[in-house]
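Let chain A serve as the given structure and place chain B on it in line with the hints.
Number of protein chains: 2
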Amino acid sequence: MKAEIITIGDEILIGQIVDTNSAWMGQQLNPIGVDIVQISSISDQVEHIIKAINEARGRADIILITGGLGPTKDDVTKKTLAKYFDSEMAMDPIALEHVTQIFAKRNLKMIDINEAQALLPVKCKPLYNPVGTAPGMWFEENEQVVVSMPGVPYEMKKMMTEKVIPMLLERYTFPVIHHKNFLTSGIGESFLSKRIAHLEDSLPPHIKLAYLPNYSTVRLRFSARGQDAKAMESELEEIGHRLKEIIPEYLISDEDIRIQEVIGRILQAKKLKIGTAESCTGGYMAHLITSVAGSSAYFMGSVVSYSNEVKMQELGVQESTLTSYGAVSKETVLEMAEGLRKKLGLDYAIASSGIAGPGGGTETKPVGTVWLAVAGPKESIAKDYLLYGERLQIIERSAMLGLDLLRKAIEAQDI
Amino acid sequence: MKAEIITIGDEILIGQIVDTNSAWMGQQLNPIGVDIVQISSISDQVEHIIKAINEARGRADIILITGGLGPTKDDVTKKTLAKYFDSEMAMDPIALEHVTQIFAKRNLKMIDINEAQALLPVKCKPLYNPVGTAPGMWFEENEQVVVSMPGVPYEMKKMMTEKVIPMLLERYTFPVIHHKNFLTSGIGESFLSKRIAHLEDSLPPHIKLAYLPNYSTVRLRFSARGQDAKAMESELEEIGHRLKEIIPEYLISDEDIRIQEVIGRILQAKKLKIGTAESCTGGYMAHLITSVAGSSAYFMGSVVSYSNEVKMQELGVQESTLTSYGAVSKETVLEMAEGLRKKLGLDYAIASSGIAGPGGGTETKPVGTVWLAVAGPKESIAKDYLLYGERLQIIERSAMLGLDLLRKAIEAQDI
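Protein chains in written order, with the numbering used here: chain A, 1076 to 1490; chain B, 1076 to 1490.
Same shape as in the complex, but just chain A:
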């Protein structure tokens, strides 16, 4: 089953707001077997709306429209739909009751443009909106469904979940789709694709593979489509077994999670405590770790040591180390990690020191030079990297590589 999303409103086109509604709708519809074939963001203009609906009906069975239902003059969606479906408008008593109640609740006086929100094309099935003043509309014509919903995310989500999805499930018969995600770390997209080329080439036509890279990690998403849920599940499971054979050193999860969640689970299972000693990453490693709910169970804290004084005073880096080797060096980053580990009584500590740029690079240590270290119960390891990109990318990339180094260190030390 194919669907197209049309979002109406200039605020998206001028970049005033980011369209997060469409991604959310895709996430809800994909699992039930609806493929979004296109998302179109267009302006509040009658001709443009009609053209977009016509184009969409050439591609999809289900057209989902959001936005353009406000009470003000620039919102023309409802009257455009009435015109498009050649429908009279009539006051809908239930919708009117809804609007009246909402105004009463908010202690506001209703004016005529508010009352007009309950005017609906007679050819639509109204989708009553319990949390806003604009009802949605469901039209059917030539086996196609055209749905119009408010653009306010909260109102749209409630209407999708409680009305539109149940009505679609009743209206159509859907194929079964299964997804399986695998997270890899420490290998680039192109090398990964070469390593798994044989697996990819041998996929049956009903299973698709997508590569979703994010800095040092690449997510592999396999999607199987068919009727036999059980058979597809075991096909996807078999792919997992094969991946474990082909890329055991890079495969870090067979779930749809981020690297910081993978690490969080390992730490919780092994009851380990960690912390970070950060120079060039400036707190971003701590941020990644603490972005995971429940991280307080294993993350104790960090020292961000941007200045050399803080490196010495708080992490116990020797002045002679800084003088002899510099702040961006194997020696310094190891002392940072070991210093923090000891100070906070941690099992593992990750440290970073590098040159994020744009200034500060030298011939021997150009911008992008980064040292990372992990101090653990058995040993400490350090590794250097030469990263490219702008300041923020170097910071983010370093932080993700730091998490991966921790993961490897825990695996190697097996404590």
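Heads up, some of the hints might be wrong.
Identical chains share a label here; the pair holds if one copy fits it or two copies do between them.
To be verified - 30 Å max Cα-Cα, derived DSBU-like pairs, lysine-lysine:
| no. | residue 1 | residue 2 |
| --- | --- | --- |
| 1 | K1158 | K1440 |
| 2 | K1483 | K1198 |
| 3 | K1154 | K1453 |
| 4 | K1346 | K1453 |
| 5 | K1283 | K1158 |
| 6 | K1126 | K1077 |
| 7 | K1184 | K1440 |
| 8 | K1184 | K1405 |
| 9 | K1417 | K1348 |
| 10 | K1483 | K1305 |
| 11 | K1440 | K1319 |
| 12 | K1305 | K1184 |
| 13 | K1180 | K1458 |
| 14 | K1126 | K1154 |
| 15 | K1348 | K1418 |
| 16 | K1154 | K1077 |
| 17 | K1417 | K1158 |
| 18 | K1283 | K1440 |
| 19 | K1283 | K1348 |
| 20 | K1158 | K1077 |
| 21 | K1348 | K1440 |
| 22 | K1483 | K1345 |
| 23 | K1405 | K1348 |
| 24 | K1405 | K1418 |
| 25 | K1440 | K1154 |
Note that these hints are calculated values from the structure, not bench results.
For chain B alone, kept in the frame of chain A given last:
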């Protein structure tokens, strides 16, 4: 001048990623006089790409395509464009040199699919990519321009800023547009629009206002379009004077910069040293501060004290304070800020403690309860907030509010 954006890639359609590229492109193009008439997100399929380009060329002069340029098999954009423009492919030596250098820099061996990224349709002007392996392409036909760029946000942004926008400015004649940005902090969009309603209503038709909110800050962008550059400049300057009268307490910059840059300039001018003591923000305040180039001049370091032990041991928070008032309290957050200020010898220290959720909330301290404090040379201040949203939003919002509290504290103490 009209433009259409086409983003290619299933990851947007299935809702795996939110398309933030298009909003950014709209923000960049609007100011030079390019109106985005439609944004279309489509899948990586030859027929679909061709259809989308044809539809777009019926509406716009400039077609900007992002995504689908990766080295793997699921990326078909380049060969589709070659087919569409009926062009041979040839190895581009400069692009090949770029790819080779990137691999050499990363100390990686190049494989054939990487080399193939330098294969380009001979009919395009190559847009060399200094930060990635996929070059962009610029095609011209029948007075229309079709540009293809990588989907990786920072590669696309660099290519847009350094190549595409300058080339568009050379290729077409645009009206004269002047912009003036003002950054506000600490007031929501709707309240702000109410406060400046009179100013907004009195704007002449050739000056447009856009609200660009980002957590606790809202950027006001005034765009004047016309022929008389000098007159427009003085009109925009006059708007600045009026804003300073209407919202002096919220207006923090009349430049197009972020709050962490505003603060960086204040700190550098006043030669002040700062640091952060972070609980719920988990290092994100330090990250925001250190995302600014040159921040090592005023940022010394941070202690992220996720556990109570670290709060006591590293920041000198009293055990009795934690027992009597809890970690999320005015008393604790003040001791954190004062502890760090003293320990690192700072002029100002910002501290945070709150409940980012989803767990950990109680009846009296629900998820979203956040205390922020700033300790300064004259006094310390603390403030509580009740923030909404998911974990990551609460973290990011808290961090930006912390920066704003620092700004206010420096202003109030005038040191």
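Hint-by-hint comparison with the structure:
1. Taking the shortest Cα distances, K1158 and K1440 never come within 30 Å of each other, neither inside one copy (61 Å) nor across copies (45 Å).
2. Taking the shortest Cα distances, K1483 and K1198 never come within 30 Å of each other, neither inside one copy (56 Å) nor across copies (47 Å).
3. Taking the closest pair of Cα atoms, K1154 and K1453 never come within 30 Å of each other, the shortest separation being 65 Å inside a single copy and 52 Å across copies.
4. Taking the shortest alpha-carbon separations for K1346 and K1453, only the intra-copy value of 16 Å comes in at or below 30 Å, while the best inter-copy value is 44 Å.
5. Taking the closest pair of Cα atoms, K1283 and K1158 come within 30 Å of each other only across two copies (24 Å); inside a single copy the shortest separation is 41 Å, beyond that limit.
6. Proximity of K1126 to K1077 under the C-alpha cut-off of 30 Å is found in both arrangements, the shortest distances being 19 Å within a copy and 17 Å between copies.
7. Taking the shortest alpha-carbon separations for K1184 and K1440, only the inter-copy value of 22 Å comes in at or below 30 Å, while the best intra-copy value is 54 Å.
8. For the homomeric pair K1184 and K1405, the shortest alpha-carbon distance between copies (25 Å) is at most 30 Å, but the shortest distance inside one copy (55 Å) is not.
9. Proximity of K1417 to K1348 under the C-alpha cut-off of 30 Å is found in both arrangements, the shortest distances being 12 Å within a copy and 27 Å between copies.
10. Within a single copy, K1483 and K1305 get their C-alpha atoms no closer than 35 Å, and across copies no closer than 61 Å, so neither meets the 30 Å cut-off.
11. When the C-alpha separation of K1440 and K1319 is checked against a cutoff of 30 Å, the pair qualifies neither within a copy, at 37 Å, nor between copies, at 45 Å.
12. Proximity of K1305 to K1184 under the C-alpha cut-off of 30 Å is found in neither arrangement, the shortest distances being 55 Å within a copy and 41 Å between copies.
13. Taking the shortest alpha-carbon separations for K1180 and K1458, only the inter-copy value of 16 Å comes in at or below 30 Å, while the best intra-copy value is 48 Å.
14. With identical chains, the CA atoms of K1126 and K1154 are at most 30 Å apart both within one copy (15 Å) and between copies (29 Å).
15. For the homomeric pair K1348 and K1418, the shortest alpha-carbon distances inside one copy (13 Å) and between copies (24 Å) are both at most 30 Å.
16. In this homomeric assembly, K1154 and K1077 come within 30 Å of each other (Cα to Cα) both inside a single copy, at 26 Å, and across copies, at 25 Å.
17. Taking identical chains as interchangeable, the C-alpha atoms of K1417 and K1158 are never at most 30 Å apart, the minima being 67 Å within one chain and 62 Å between chains.
18. Proximity of K1283 to K1440 under the C-alpha cut-off of 30 Å is found in neither arrangement, the shortest distances being 43 Å within a copy and 47 Å between copies.
19. For the identical chains of this complex, K1283 and K1348 are neighbours neither inside a copy (39 Å) nor across copies (54 Å), given an alpha-carbon limit of 30 Å.
20. Both within a single protomer and between protomers do K1158 and K1077 lie at most 30 Å apart by alpha-carbon distance, with minima of 25 Å and 26 Å respectively.
21. Within a single copy, K1348 and K1440 get their C-alpha atoms only as close as 33 Å, which misses the 30 Å cut-off; across copies the closest is 27 Å, which meets it.
22. Taking the closest pair of Cα atoms, K1483 and K1345 come within 30 Å of each other only inside a single copy of the chain (14 Å); across copies the shortest separation is 44 Å, beyond that limit.
23. Taking identical chains as interchangeable, the C-alpha atoms of K1405 and K1348 lie at most 30 Å apart whether they share a chain (24 Å) or sit on different chains (28 Å).
24. In this homomeric assembly, K1405 and K1418 come within 30 Å of each other (Cα to Cα) both inside a single copy, at 20 Å, and across copies, at 27 Å.
25. In this homomeric assembly, K1440 and K1154 never come within 30 Å of each other (Cα to Cα): the closest approach is 57 Å inside a single copy and 39 Å across copies.
Of the hints listed earlier, those the structure fails to meet are numbers 1, 2, 3, 10, 11, 12, 17, 18, 19 and 25, in rising order.
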